[in-house]
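Novice: Residue-level listing of the chains:
2 protein chains.
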Amino acid sequence: MRNMRYLGVADMIALIEQLGIGNVLKGMAAYIEEDFRNWPDFDKTPRVASHSDAGVIELMPTANAELYGFKYVNGHPGNFRAGLQTVTGFGVLADVATGYPMLLSEMTIATALRTAAASAMAARHLARADSKVMALIGAGAQSEFQTIAFKEIVGINRVQVYDIAPEAIAKYRRNLAGSGIEITVAGSAAEAVQGADIITTVTADKRNATILSDNMVSAGVHVNAIGGDCPGKTELQASILTRGRVFVEYPPQTRIEGEIQQMPEDFPVTELWSVITGATPGRLSAHEITIFDSVGFAIEDFSALRYLWDQVQATGHGQIIDLLTTPEDPRDLFGLLSKPEAA
Amino acid sequence: MRNMRYLGVADMIALIEQLGIGNVLKGMAAYIEEDFRNWPDFDKTPRVASHSDAGVIELMPTANAELYGFKYVNGHPGNFRAGLQTVTGFGVLADVATGYPMLLSEMTIATALRTAAASAMAARHLARADSKVMALIGAGAQSEFQTIAFKEIVGINRVQVYDIAPEAIAKYRRNLAGSGIEITVAGSAAEAVQGADIITTVTADKRNATILSDNMVSAGVHVNAIGGDCPGKTELQASILTRGRVFVEYPPQTRIEGEIQQMPEDFPVTELWSVITGATPGRLSAHEITIFDSVGFAIEDFSALRYLWDQVQATGHGQIIDLLTTPEDPRDLFGLLSKPEAA
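Protein sequence lines, in the order shown, are assigned to chains A and B. At position 301 of the first sequence the residue is numbered 301 (UniProt numbering), and the sequence of numbers has no breaks. At position 276 of the second sequence the residue is numbered 276 (UniProt numbering), and the sequence of numbers has no breaks.
Check each hint, because a few of them may be wrong.
Computed from the model, here is a short list of chain B residues facing chain A with C-beta under 8 Å [as the list claims (entries may be wrong)]:
hint: 1; residue: N3
hint: 2; residue: T45
hint: 3; residue: P61
hint: 4; residue: F70
hint: 5; residue: P77
hint: 6; residue: Q85
hint: 7; residue: T88
hint: 8; residue: F90
hint: 9; residue: G99
hint: 10; residue: L324
hint: 11; residue: P330
These aren't lab readings, by the way, just hints derived from the structure by calculation. Ideal Cβ placement from N, Cα and C applies to all residues, glycine included.
Please build the complete structure, drawing on both the sequences and the hints.
Specialist: Now the structure itself:
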């Protein structure tokens, strides 16, 4: 008999508050790094997308020899007008040996966590080791997660933030009051990047925008490009991409969804996992510009689910649910109906 | 703010017992028939399979203009030895307009129900209208569901059952005691098919077997071939398939998974949906042999989820779960953490 664990939003919040969000981000980053190190062992299926006029619903599966995971995620730009999340999601982790799902988890908060953890893990390999100042362009739903991850994992102690919406800035400052991070508000993106070691772009508009123009990127900077993550949505002026090396999660997906959708199909990229294994060098000098063109890949969700599974087992958070039948005799499924007391 | 409904095993059993299993099967058959009638409107993605030495885990998505559904299903032949189900599953129904999932349902019982409902719905179009006697070869997990569906939807009043395992027969008879169906136990498959109007094959062995040989199929019979549903698993002697017309759910899938995997790639088949719309005739005469080579298709799961969604709304069965975040301000995801009382 197997049971399945459910980690809903309330459980997720309780788990994060028990462990501390900094520890959760560090833990997820370590799991992501481990899975990137074992990248060739993964079954990397493309996302399965169902498009409509209103948006897209996607399933993102991946597996290694022991575990299978998938995430359900939608993207509906018009949801914001109805007071709904543009993106929601949930994930499932299953046992490859039996095919039984083990964990069902909310993945709206978990996706923000894993995106920030992956960004900071990549920056630890790609940004200058002495990086202390981060420019943050976009103070939306992911901004606080990115900020805490870069503080905890990279050692950033100052953020220069810019957003076109003053209320977004106000929310960002309110949420991070007392976090120990020095926050300065910039009047423009150009002002935000002054003196920054790392530039994180994480804006929400679904269009080809120039959030970051070529003249704003100085030698030695690491660009953490988060917001350009689907066809028709980019943030960087294309010429930036030719000034340094571009690091990606999974080239076939990034060429469609990432900043490099602006570039020819054979535009050279470096796979992040090969930097982590040591097969390819990361940053080559203090003057090099490095760019992480992040779109979010199924293996990062897998790592997040794997981390969460280990934490719910260790802490007892999450509830047992009866999503799976557990008949005494597997051939007697019907017997569950005629003996309701066996449920 | 949107909530999501969870229909676990206990809720599913309670729902079936309130509505009556005959009504559930008839209801699902009507929903399947409606969706088959609108077949061209569906986005028909192939299954996404992840194979291992132990088995397979699959995601089966489909969508029309209003609703999106997918099923997670595994197939692990060795699970039986560990007292686990060979096949388990769950499904999700979502709103295409917002991408928000609405229903999470167990789909082990629901799959047995939809398979039986689809079989009986097909037989109502393909079997002789005066069919009263069904041969049932295989008394495993699906046998009782098939039996009740054929009683309720086709008008079968007598079943001649055969299984190699006496305990399976005993379980089948026990579960259907008092169901109003006359059950006779045959000593062989050949004896079971004597005088039958419909032959249902639903055996579990994962191999190319000859459960039904050519000489056992008389003129005018409808064959409901359920068990041959994955590569390397067939039940019918190939020559049977050339003696009548073969009806299938979705040819690209059935040619890989169904009985017709034994036949050349251009073996002629008729799509069941075209019979339901009236574009193609069903049974042509009282002497014709008709064969439903069923493998189970994503649209049938979609129909089942759609039916269940309507029933949980009407009855109140199922629980509200917090799989999705509902922040007051969608841009303030982080605010859920710092204000846990808002959860």
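Novice: If a hint holds in the structure, say so; if it doesn't, say that too.
Specialist: Hints, verified against the model:
no., hint, verdict
1, N3, "11 Å, violated"
2, T45, "6 Å, holds"
3, P61, "6 Å, holds"
4, F70, "6 Å, holds"
5, P77, "10 Å, violated"
6, Q85, "5 Å, holds"
7, T88, "5 Å, holds"
8, F90, "5 Å, holds"
9, G99, "3 Å, holds"
10, L324, "5 Å, holds"
11, P330, "5 Å, holds"
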